[in-house]
Amino acid sequence: MTRLWKKPGMRPSCKRAAAMVLGLCSMGMFFLPQMTFVFRDIRYVASGWELVFAKGFWFGDAQEGSLIAVPLLLRLAVLGGMLCAAAGTVGLWCCRPSFSGIAYLLSGISPLVSLVAAASLQSTAAQLHIHEMSVEYRLPFMCVLAAGVVCAVLALWTQGVEALAQAVFLTASCVSIGAVLLLTVYLFAAGVPAIAQIGFFRFLFGTQWDAGQGKFGIFPLLLATLSATAGAVLVGVPVGVLTAVFLREMAGERVAKWMRPAVELLAGIPSVVYGFFGMLVVVPAIRGMFGQASIGDSLLAAIVILSIMVIPTIVNVTEQSLGAVPKAWRQASLGLGATPVQTVFRVTIPAARRGILSGVILGVGRAVGETMAVIMVAGNVAEFPRLLGSVRFLTTGIAMEMSYASGLHRQALFSIGLILFLFLMAVNLSFTMLAKRGAGHGR
Amino acid sequence: MADKTLYQKKIRLGDGLLKGSIYAAAALTFTVLLGLMGYLLVRGLPHISWGFLSHTYSETDPQQNGILPMLLNTLYVVGITVLIAGPVGIASAVYLTQYAKQGRFVAIVRFAAEVLSGIPSILFGLFGYTVFCQLLRLGTSLLAGCLTMALCVLPTLIRTTEEALLSVPRLYTQGAMALGAGKLRVILGILLPNAMPGILTALVLTMGRIVGESAALLFTAGMSYGMPRGVFSHAMESGRTLTLHLYQTAREAATPDAMNVAFGTAAVLLILIFLLNRIAWLLGKVLKKGES
Chain A
1 MTRLWKKPGM RPSCKRAAAM VLGLCSMGMF FLPQMTFVFR DIRYVASGWE
51 LVFAKGFWFG DAQEGSLIAV PLLLRLAVLG GMLCAAAGTV GLWCCRPSFS
101 GIAYLLSGIS PLVSLVAAAS LQSTAAQLHI HEMSVEYRLP FMCVLAAGVV
151 CAVLALWTQG VEALAQAVFL TASCVSIGAV LLLTVYLFAA GVPAIAQIGF
201 FRFLFGTQWD AGQGKFGIFP LLLATLSATA GAVLVGVPVG VLTAVFLREM
251 AGERVAKWMR PAVELLAGIP SVVYGFFGML VVVPAIRGMF GQASIGDSLL
301 AAIVILSIMV IPTIVNVTEQ SLGAVPKAWR QASLGLGATP VQTVFRVTIP
351 AARRGILSGV ILGVGRAVGE TMAVIMVAGN VAEFPRLLGS VRFLTTGIAM
401 EMSYASGLHR QALFSIGLIL FLFLMAVNLS FTMLAKRGAG HGR
Chain B
444 MADKTLYQKK IRLGDGLLKG SIYAAAALTF TVLLGLMGYL LVRGLPHISW
494 GFLSHTYSET DPQQNGILPM LLNTLYVVGI TVLIAGPVGI ASAVYLTQYA
544 KQGRFVAIVR FAAEVLSGIP SILFGLFGYT VFCQLLRLGT SLLAGCLTMA
594 LCVLPTLIRT TEEALLSVPR LYTQGAMALG AGKLRVILGI LLPNAMPGIL
644 TALVLTMGRI VGESAALLFT AGMSYGMPRG VFSHAMESGR TLTLHLYQTA
694 REAATPDAMN VAFGTAAVLL ILIFLLNRIA WLLGKVLKKG ES
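Residue numbers (our numbering), protein chains in the order written: chain A, 1 to 443; chain B, 444 to 735.
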């Protein structure tokens, strides 16, 4: 029974009451033991209250020992979580459900932040040579997380199902954008320090990559990536475009009906499978062909595999844009006496050139970012690229060394990641701009 | 030249060359395609047997050369990733098409999705390794791999779902609204059911991508090949998927027997991808039938 004389948002409901009670509980968790810090045989059980106001953890005996301070982020996260829960409850009291929904959600996120902060505490401990430190999380800690989310849902629900649904959908898209922002920020934050330490030009144009001697010049890797991409484009684009022309203009419908799914399948084959094929077929073929000159694992093998990998992408995109060329243009050309081949090369392909170009750029993106296929065929020696010599790419450089790298070496790998990211951003942006210009013309 | 008749065709050398090159390119593409598939299937299919699919694997014991743990790991990664990325992706797409004002916000999200879909998976692996494995203390585990993969597939999933939602005729939703249905009811009752074949196609294509992914899982999900010890606890354990198994066995194979494991794995992967591709194609056909 709805009482009509009251505004729906103001109605005292059980959802609102439950949210407020749960919010109070979540605040109460602040005073219960949340984390256990274990230093060798000493166990500190810390409540939220202690985490915020204690100086730190005394490690060692009374005379000698060191104080490990609680990280500021951890203090802020715990305190902020409590305050957000409080703000949410007050907000509900004052009938501001959307405000309290956000506040509750933030209080639910705060344990995740403390999780990250506690990890930084561990690395501080490692600097003091205390390696046996670990952090355990108690039940109240988890409760804050769960209570925050449940409270947020209840608080938003008091406004009705529609508002709740909208909030859920909005949160989902915020998560998606948040992920991108986080990734970008993270790549910069992780990549810039090493570049700054090594020096931008020495990093980018340094000719030697030798982690053991502390030499971090990625110029050979960069050149290898560029030359392999260029090679793949030089081989893959003509073959791909001409295959698309064949499928769209020359092949009968019956042939094309079989070939189109085949090309799509080729686009979906895992890169490791391509690498495997290259390792077993392409590499021995190169070894056989050049004998003494090459061991087979070479830039040439990588180019062959990358060409095979970019062809499906280029065929698919080109075929679509060829299909978008108006039929009347072709008919007009044929009517003027041009042969079918002349029509294809003078009318259809020029008209579809923007689409073809975007296909090429997609192919470039794929070739630059490819890791697992080329790692299996390129030999992975960080030298200046020769066609028949073994090479290492930017991507394979990361994949090869990530498992054991530490310190500056590891940071340098993140810097390689940043360079890759920036390069692909540039490629992508040009793609978007081309697409926009193409749309402006209106085919 | 006087005796040339109207019926005699002029020989156009350039035309012939270009036409020849078109046929040559097409022939090359399909030779490579058939060669690749044929080679791997011919060498791989004989090694696929019930024993191969249902036995455990060990690097030290050549007798244990099955791929059951890798199959299960792949299933885990595909399942958990779709469970994470599916709802988030579909909900984002619903928000973008139904709620958001078509202005700045949508443009930013589109741009972000565009950027994210161009990033190579090795960078996702790098990110997932530091954030999920180290900062969030998941360790090298399937769950960390799944979270990384979820980030990896989200942009494409959002874009394809958006397309599926936009292809639902506006008359349907407007009709429902005119009958007094609320926005949520329109979305759940009209929009999503009508867009379902498109959304399912997007999900199946996503699964194909997850099955084929390797670089993003290299550091995050790890390389162990043990059998799952518990249904739920396995998500927190490290495990290699089929692609990583192929990578590892191919690189370290010293004997022909070890290479046979790699061939069998490659054939299983090809069959899986083929099946997923077919399912997506069938769904696409259902979609077209619905339109007409």
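Fair warning: there could be bad hints in the mix.
Stated by the list, open to error - Cβ-Cβ distance ranges computed for the label pairs, FRET-style:
{"id": "1", "chain 1": "B", "residue 1": "471", "chain 2": "A", "residue 2": "290", "range": "52 to 62 Å"}
{"id": "2", "chain 1": "B", "residue 1": "673", "chain 2": "A", "residue 2": "381", "range": "36 to 46 Å"}
{"id": "3", "chain 1": "B", "residue 1": "450", "chain 2": "A", "residue 2": "320", "range": "36 to 46 Å"}
{"id": "4", "chain 1": "B", "residue 1": "474", "chain 2": "A", "residue 2": "142", "range": "54 to 64 Å"}
{"id": "5", "chain 1": "B", "residue 1": "530", "chain 2": "A", "residue 2": "258", "range": "48 to 58 Å"}
{"id": "6", "chain 1": "A", "residue 1": "406", "chain 2": "B", "residue 2": "702", "range": "27 to 37 Å"}
{"id": "7", "chain 1": "A", "residue 1": "201", "chain 2": "B", "residue 2": "728", "range": "54 to 64 Å"}
{"id": "8", "chain 1": "B", "residue 1": "613", "chain 2": "A", "residue 2": "433", "range": "29 to 39 Å"}
{"id": "9", "chain 1": "A", "residue 1": "98", "chain 2": "B", "residue 2": "609", "range": "26 to 36 Å"}
{"id": "10", "chain 1": "B", "residue 1": "450", "chain 2": "A", "residue 2": "335", "range": "40 to 50 Å"}
{"id": "11", "chain 1": "B", "residue 1": "553", "chain 2": "A", "residue 2": "291", "range": "45 to 55 Å"}
{"id": "12", "chain 1": "A", "residue 1": "54", "chain 2": "B", "residue 2": "673", "range": "34 to 44 Å"}
{"id": "13", "chain 1": "B", "residue 1": "530", "chain 2": "A", "residue 2": "201", "range": "38 to 48 Å"}
To be verified - Listed below are the simulated SDA-like cross-link pairs for lysine to any residue, each with C-alpha atoms no more than 20 Å apart in a straight line:
{"id": "14", "chain 1": "A", "residue 1": "215", "chain 2": "A", "residue 2": "186"}
{"id": "15", "chain 1": "B", "residue 1": "462", "chain 2": "A", "residue 2": "196"}
{"id": "16", "chain 1": "A", "residue 1": "257", "chain 2": "B", "residue 2": "501"}
{"id": "17", "chain 1": "B", "residue 1": "731", "chain 2": "A", "residue 2": "260"}
The hints are simulated quantities; they were obtained by calculation from the structure and are not laboratory data. Beta carbons: idealized from backbone N, C-alpha and C, even for Gly.
Cross-check of the supplied hints:
1. 471(B) with 290(A): 52 to 62 Å: violated (21 Å)
2. 673(B) with 381(A): 36 to 46 Å: Since the Cβ atoms of residue 673(B) and residue 381(A) sit about 43 Å apart, the hinted range of 36 to 46 Å holds.
3. 450(B) with 320(A): 36 to 46 Å: holds (39 Å)
4. 474(B) with 142(A): 54 to 64 Å: holds (58 Å)
5. 530(B) with 258(A): 48 to 58 Å: violated (37 Å)
6. 406(A) with 702(B): 27 to 37 Å: At roughly 34 Å between Cβ atoms, residue 702(B) and residue 406(A) fall inside 27 to 37 Å, so the hint holds.
7. 201(A) with 728(B): 54 to 64 Å: holds (56 Å)
8. 613(B) with 433(A): 29 to 39 Å: 30 Å Cβ-Cβ, so the 29 to 39 Å window holds.
9. 98(A) with 609(B): 26 to 36 Å: holds (28 Å)
10. 450(B) with 335(A): 40 to 50 Å: violated (21 Å)
11. 553(B) with 291(A): 45 to 55 Å: Given a distance of about 53 Å, which is inside 45 to 55 Å, the answer is holds.
12. 54(A) with 673(B): 34 to 44 Å: holds (38 Å)
13. 530(B) with 201(A): 38 to 48 Å: Holds, at about 47 Å.
14. 215(A) with 186(A): Answer violated: residue 215(A) to residue 186(A) is near 24 Å, above 20 Å.
15. 462(B) with 196(A): Roughly 54 Å between the alpha carbons, so the hint for residue 462(B) and residue 196(A) is violated.
16. 257(A) with 501(B): violated (44 Å)
17. 731(B) with 260(A): With a Cα-Cα distance of about 17 Å, the restraint between residue 731(B) and residue 260(A) holds, given a limit of 20 Å.
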